Amino acid sequence: MITLVKSKLKTFIGGIHPGEDGKLLTKDRKEALAPLPKIVYLLMSQHIGAPCKPIVKKGDYVTKGQLVGESQGFISANVHASISGKVTDIVPWPHPVTGVKSPSVIIERTDEDSWTEGTNVETDIDLISSDEIKQRIQSAGVVGLGGATFPTHVKLTLPKDRPIDTVVMNGAECEPYLTCDYRLMLDRSREIIQGLKLIMKCIGCKKAHIGIEANKEDIYTLFKDILSNEPDIKVDLMEVKYPQGAEHQLIKALLNREFKPTQLPLEVGAIVINVGTAFVVYEAVKFKRPLIQRIVTVTGNGVENPQNFLVRLGTPIKHLLEEARVVSNIDKIIFGGPMMGIAQGNLDTAVTIKGTGGILAFKGTQQWNSHACIRCGRCIDSCPYGLNPSILSIQSEAKEFNLALENNVMECKECGCCTYICPAKRPIVHLIKFAKAEIAKQKAQKATPAERK
Amino acid sequence: MLNQVQDKSILIASASPHIRDTDSIPRIMWAVVLSLVPAGIASIFTFGYYCLYVILLSIVSAIFTEALILGVRKISVISTLKDGSAVVTGILLAYTLPPGVSWYIPVIGSFFAIVIVKHAFGGLGNNIWNPALAARAFLQTAYPAALNSDWRVLQHGIGNLFHNITEIDPEGNMVDAVTRATPLAKEAGAEAYHFTQLLIGSVPGCIGETSTIALLLGGAYLIYKRYINWYVPAYYIATVFIMVLILPPQTKTPWANNPFYHILAGGLILGAFFMATDMVTSPLTKSGLIIFAVGTGVLTVLIRFYSGYPEGVCYSLLLMNTATPLIDRFTKPRLYGARIKKA
Ligand code: SF4
Ligand code: SF4
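Line order of the protein sequences matches chains A and B.
For the first sequence, this note's numbering assigns the number 1 to the initial residue and increments by one for each residue that follows.
For the second sequence, this note's numbering assigns the number 1 to the initial residue and increments by one for each residue that follows.
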């Protein structure tokens, strides 16, 4: 019945409705400047691809916006100083999501906070060339801010044989609790549209399509107003459903095109840009501002003052949690949203990176006991990628990796729908991740003797 | 403040997702229990209080057996018992028994359902057959006399009350009415029942199967709660309807050719809403479930028409339970984007 009423809204098949109460905590919290941290830890690997090489030494003084990590290779993105101060050390530091260590430039702040030479200058972009746009995006170290952190200039370098006809902009923000994109769209709508146009210009694409979830109707009206004279940029409301903002579901909803889980949107003539990315593209091109800060939603029942903070990259999350008045009995800290975010074991090392959209603090966390699968089939109905999570979880648990491979385990996007919905509370994603890691390991082992020949 | 948290290192580093739906196995099972209550109450009205003893005895022995076997298997007794699945099995088994059945039948049946059908295969989720149905089939084979001769007249004071209200008893005699096993009985001369009677349930039959209205009430609740899929009972019942229409008439008993009669009399409604919808023993995907429902419908009518049994719900469901792994194999979900739509 509900689906009938909502059938006007664009959407995809499968997915879940995790409820919107979490978003209410911070929906009306305008971006607040978090007090500057005393120390920042700038990871040289905040993106997908090769880590940067630090180009400063211990003892150097750096100013805000100065390049400190130079990108290595094509798939990589520059890292800039997010505060002005003295480089106190360069040490390996764990990535808050992957746990992999990469060198980190540690900067201790001085009172100075002005931009370094050559950055933060307004430029005229009316006649800018597409190469210049891409060059500015690249030097500003822009990556996808939706969480994937793929270097944007690489994304905009299209293979010749794959024409793109539509840039899809993701304004879904389907992860519960997070409102950083919502706030950005509300407060910086014009800049975001400018950024989108720059991206379209950069790749020579005439059409764009913006998808907004139906719980953000105010944004929809706002965008519609701004774009009233631009028939080539469409805006559509989509059903409130997770994972509406994932590439496959977004493109299905807006363009009605399907592609396999392991394929890229390029396959169907589209690229997907997050609204946050569009905003930093605008900043980078118009003002030559490197990516050194972003909005982070700090929320959950473990903080008394949930906020959308404008945060300098490399800020220790402890600093942010204190600002949001964290309570003493928290038992879970999550990097990212509640569906795909990573629980942190060590608060001391966790720092914000380019892909950090949310930090959730919870108290009284419920733990679930898992039961044997009761074959209810809900996980199958909810999997947006047409997998059978029930059988995958059973086969992964039994370490029958070959059978799991036959059932397309590698196509799982780890979106978490199956696990959310499972009444037997089976840790399906966890088991699938385990199987994928084991399969990758076995593959690597098999490959090695062959290479030696 | 935070250092304190750190020192005690109490941060839970569990895997994503970090939020879960509120539905759980206990919630589903207890909802099923609740949905079966109206049919139980109706049975007491029709057959008398002895039914309640049978139902309770069946539940208690199911719980007791479950506790025993959990102890033997060294599984947490209390938390598993709380999931309500033993209670569901107990009730369903009782509902398939004659109203006047001897006390040891539900006890043995529950024991068989829990020990042999459920736990010997690994417990809830791993069983191949619906425990209540398999136990019922076992009892039919092992204790035919007890099951076939115990349709005796009961202390059905309130049952008569019902009759007075509805005033649709063709014979005007409830005592005669409850002596036969099912309104589907094939003996020549067997009497048809009025549809109003079949809806209310004031007809002979097993304890929980006679009152269509009470069963539909429970079924509607489960569909509303999304604990069962509407299309399983819908396809099952529709298939029975069509099969009765298209098969050559069974002329011995004229009413036996009426498809509505086949739906309302006997165990079809109970089976369609509460047994065919058993998640554990039916296929996983929607297309699989539809095949399952249609197959059960076909088999039910074939058994009713062409076998010695008047009733076909139990055996057809057990057969389709057996076929479920096979159906699952042929109805795998389709990988997203496998058929690429070109732009
Ligand atoms: S986590 Fe994997 S299996 Fe589960 S719903 Fe998402 S894609 Fe499907
Ligand atoms: S949701 Fe859970 S219980 Fe239901 S089929 Fe999937 S794994 Fe099994």
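Since the hints were made in silico from the structure, they are not lab data.
It is possible that some hints are incorrect.
[Claimed, not checked] To spell it out: a stretch of chain B is covered by chain A in this simulated footprint if at least three of its residues, at any positions, have a beta carbon under 8 Å from a beta carbon of chain A; those stretches are:
#1 18-28
#2 121-127
#3 322-334
Values in this document were obtained by computation on a predicted structure and should not be read as measured data.
Each residue gets a CB set at the ideal place from its N, CA and C atoms; glycine is no exception.
Verification of the supplied hints:
1. 18-28: Since three or more residues must qualify, the claim that chain A covers the region 18-28 of chain B holds, with 9 doing so at under 8 Å.
2. 121-127: holds (count 5)
3. 322-334: holds (count 3)
Hint compliance for this structure: no hint is broken.
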